[in-house]
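*Asks:* Take a look at the letters that make up each chain.
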Amino acid sequence: MKKKHFAIGISAIGIASLALTACSSGDTGAASEEARGPITIWYSNNAQEVQWGQATVDAWNAEHPDEQVKGQEIPAGKSGVEVIGAAIVAGTTPCLVFNNLPAATGQFQKQGGLVDLSSFPDGDSYIEARSGAASADQYRSADGDFYQLPWKSNPVMIFYNKDLFAKAGLDPENPNLSTYDEFLDSARAIVSSGVAPYAIYPSPTSEFFQPNFDFLPLYAAETGTSIIEDEVATIDSQAGLDVAEFWRTIYAEDLAGKEPAQADSFANGQSAMAIVGPWAIPVYEGKVNWGSVPVPTKDGTAPEQTYTFPDAKSVGMYTSCKNQGTAWDFLKFATSVEQDGKLLEATGQMPIRAGLSTEYASYFEEHPAYVAFASQSERTVDDPTGPNTIATLQTLRDFYTKAVISGEGDLQAELSQAADDLTAEWTRK
Amino acid sequence: MSSSSIHAAAAAGATRRPAQPDAHGTRRRRLRKVLGPHPLGWLFSAPFLVFIAAIFAYPLGFAIYISFHDYFFTAPGVVVDQPFVGFDNYVRVFTDPKVLQSLGNIAIFVLINVPLTVVLSLVLAAALNSVVRFRTFLRVSYYVPYVTASVAVVGVWLFLFSGNGLVNQILGPLAPEPSWLSNASLAMPTIAFFVTWKELGFYILLYLAALQNVPKDLYEAAAMDGAGKVRSFFTVTVPGVRPATVLVLLLSTITGANLFTEPYLLTSGGGPNGASASPVLVMYQEGIEQGHPGYASAIGIVLVIAVLLIAFLQYRFAGGKER
Numbered sequence: 004m005k006k007k008h009f010a011i012g013i014s015a016i017g018i019a020s021l022a023l024t025a026c027s028s029g030d031t032g033a034a035s036e037e038a039r040g041p042i043t044i045w046y047s048n049n050a051q052e053v054q055w056g057q058a059t060v061d062a063w064n065a066e067h068p069d070e071q072v073k074g075q076e077i078p079a080g081k082s083g084v085e086v087i088g089a090a091i092v093a094g095t096t097p098c099l100v101f102n103n104l105p106a107a108t109g110q111f112q113k114q115g116g117l118v119d120l121s122s123f124p125d126g127d128s129y130i131e132a133r134s135g136a137a138s139a140d141q142y143r144s145a146d147g148d149f150y151q152l153p154w155k156s157n158p159v160m161i162f163y164n165k166d167l168f169a170k171a172g173l174d175p176e177n178p179n180l181s182t183y184d185e186f187l188d189s190a191r192a193i194v195s196s197g198v199a200p201y202a203i204y205p206s207p208t209s210e211f212f213q214p215n216f217d218f219l220p221l222y223a224a225e226t227g228t229s230i231i232e233d234e235v236a237t238i239d240s241q242a243g244l245d246v247a248e249f250w251r252t253i254y255a256e257d258l259a260g261k262e263p264a265q266a267d268s269f270a271n272g273q274s275a276m277a278i279v280g281p282w283a284i285p286v287y288e289g290k291v292n293w294g295s296v297p298v299p300t301k302d303g304t305a306p307e308q309t310y311t312f313p314d315a316k317s318v319g320m321y322t323s324c325k326n327q328g329t330a331w332d333f334l335k336f337a338t339s340v341e342q343d344g345k346l347l348e349a350t351g352q353m354p355i356r357a358g359l360s361t362e363y364a365s366y367f368e369e370h371p372a373y374v375a376f377a378s379q380s381e382r383t384v385d386d387p388t389g390p391n392t393i394a395t396l397q398t399l400r401d402f403y404t405k406a407v408i409s410g411e412g413d414l415q416a417e418l419s420q421a422a423d424d425l426t427a428e429w430t431r432k
Numbered sequence: 004m005s006s007s008s009i010h011a012a013a014a015a016g017a018t019r020r021p022a023q024p025d026a027h028g029t030r031r032r033r034l035r036k037v038l039g040p041h042p043l044g045w046l047f048s049a050p051f052l053v054f055i056a057a058i059f060a061y062p063l064g065f066a067i068y069i070s071f072h073d074y075f076f077t078a079p080g081v082v083v084d085q086p087f088v089g090f091d092n093y094v095r096v097f098t099d100p101k102v103l104q105s106l107g108n109i110a111i112f113v114l115i116n117v118p119l120t121v122v123l124s125l126v127l128a129a130a131l132n133s134v135v136r137f138r139t140f141l142r143v144s145y146y147v148p149y150v151t152a153s154v155a156v157v158g159v160w161l162f163l164f165s166g167n168g169l170v171n172q173i174l175g176p177l178a179p180e181p182s183w184l185s186n187a188s189l190a191m192p193t194i195a196f197f198v199t200w201k202e203l204g205f206y207i208l209l210y211l212a213a214l215q216n217v218p219k220d221l222y223e224a225a226a227m228d229g230a231g232k233v234r235s236f237f238t239v240t241v242p243g244v245r246p247a248t249v250l251v252l253l254l255s256t257i258t259g260a261n262l263f264t265e266p267y268l269l270t271s272g273g274g275p276n277g278a279s280a281s282p283v284l285v286m287y288q289e290g291i292e293q294g295h296p297g298y299a300s301a302i303g304i305v306l307v308i309a310v311l312l313i314a315f316l317q318y319r320f321a322g323g324k325e326r
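Those protein sequences? They're chains A and B, same order as listed.
With the working numbering, letter number 327 in the first sequence gets 330, and the count goes up by one each step, no holes.
With the working numbering, letter number 245 in the second sequence gets 248, and the count goes up by one each step, no holes.
For the record, the hints were derived by calculation from the structure and aren't laboratory data.
Treat the hints with caution; some may be incorrect.
[Stated by the list, open to error] One-sided excerpt, in silico: chain B residues whose CB lies under 7 Å from chain A: (1) 77; (2) 271; (3) 294.
Positions of the beta carbon are idealized from the N, C-alpha and C atoms, including for glycine.
Whenever a hint applies, use it, and build me the whole structure from the sequences.
*Replies:* Encoded structure:
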């Protein structure tokens, strides 16, 4: 009898489960590219971007009483990718998010979460005119359309501590950091002189986005190309090997820390160099007497020809948005020459805009520290855009932590294997 | 009532309804057969059944479903092809070096954490049970790490076990190189010690409760037979708290199998080189970060089966007469 009741209970639960499963999809209603009305946007929660976001929303709302915009900070979560991904599934995304990670765009697109911006009559032309066709192209999806508007970048460069360089007997104004050999010699001088425990301290942790701040900037500088071209990984090359060998030497000689730093190692003098974007300028102001140079290449490259990783953020329009006409108009308003100027003024981050240095010449005259970053923002290589970008980056990170940071195995063999794994992950269905 | 009168009554009834059985009565009998003698009981247990269905059965059933599909989460109303892939995801689970490494890592964790938890919590509970002074203070002290948020406690351990941390400063030249949490051989054992320390207070409470049920007469009898404190501990206390031991074994094994926060925070994503990655961390990376929930679910189902198997073996071999 007990067994029978148990079976009935299990059956009831099973039926209820199936019923619930059947109810798992819904409909958010029709949306139109022409529809206008109130919309909601999310922006990043750092103080400068909140200030810019609120000012932009206020400026729009003053002129558009019938199409009011509600600005909110992106909800707290482990990461923006998770928050947005969950919101897509729940159908609770706002119309626009001014904090999209380009690496996650392909995934959001696959989920059916993003509006194809190219479907707006002036979609492609606006994005290409603002960012420049060549720069914008790397943010196109595989189908050739834009599901994101490339918005702003923080192109990474080498920051160095002038005081520590001087103490180590290195030229603080024109440091030899252009080639791998020069960089390694300088790094050895810093550590051997005892002025800092480490020469540089990129995060050695295993998150998928960490390659963006060690392997990829140098790979971009060495090749000017993405790690994926025509569906195939490109890292199994002399350039890939050189970059990996460079970092492996750094770790093998203890010129960089192998355990996660508990604080900002550049700010507290634990390392004499850092790989950072222009966001770091106000952060280190008054704390570190710093200088900046482009990331090194094997044989040295002129700064005006050196590429790097842009650490960019894009804007995505989400399919849950009912008033997409207003959203598109607001997106163009928020990325206009005027608002881009205000973004630059408020945050020091570089709008992905063609002719940035000339457009805001007065700003860069007043803020010379940002000039190098403005120039650098014109030569960047971002993560490839596809549904498996994050998985591909994680595979790259796994190779890096094993073969480069831990120094395990034959580097060439590991690199070849990693390239195969990257291709398999990129094309994974 | 005699048997003859029963037969007579039955015959009379048969005479009144010779060919047509009582449909209403039959239905009632069938209903009673299905619902049991107290149908109202179902009404009272309905909230819990609904809870179980919605919170446990549905997610589990859904996880099994998507583990057999090339599944990914979509926006509402978006129709996409999510084909049935048979056992492909399961085959991948058993051939993916990352998953296999994480299973190996968790085996190391369980081998250190579970015995250590059982032994330490039992010994400390027995000691606390006999302590007279500072009893409340000591009980609270052991319980504090358990009720403190992992994030906060992880911060303390990072301070203790980093390269320049307090532990290495005390150890001096004996400090491991690379340091604890960035050492491929020591990362997982360090996490196992951390979890043991953090969870100990809860298991001590379980044992303390169990110790109250061990009859005092047994200790007196053992003492009369000449048993010392150690002998009493092994011959009276340990068998006396066997049900609690089974519970501690099961709970600590399940805790180990579900390990996520510690490798996520303490070793920043399962490092170094995947040496502290747990299956749940890999599930998180695959299912949440990388958009492969079908594969993540397959890892989860394998994990559930493995935990059930281990739990069964523990129950079978440690449960003793309590079965």
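*Asks:* Have a go at the residue 77 of chain B hint: is there a Cβ in chain A nearer than 7 Å to its own Cβ?
*Replies:* 5 Å, holds
*Asks:* Let me know if the C-beta of residue 294 of chain B comes in closer than 7 Å to any C-beta of chain A, holds or violated.
*Replies:* 5 Å, holds
*Asks:* Was the hint right that residue 271 of chain B lines chain A, CB cutoff 7 Å?
*Replies:* Holds, about 4 Å.
When held up to the earlier numbered hints, the structure conflicts with none and fits them all.
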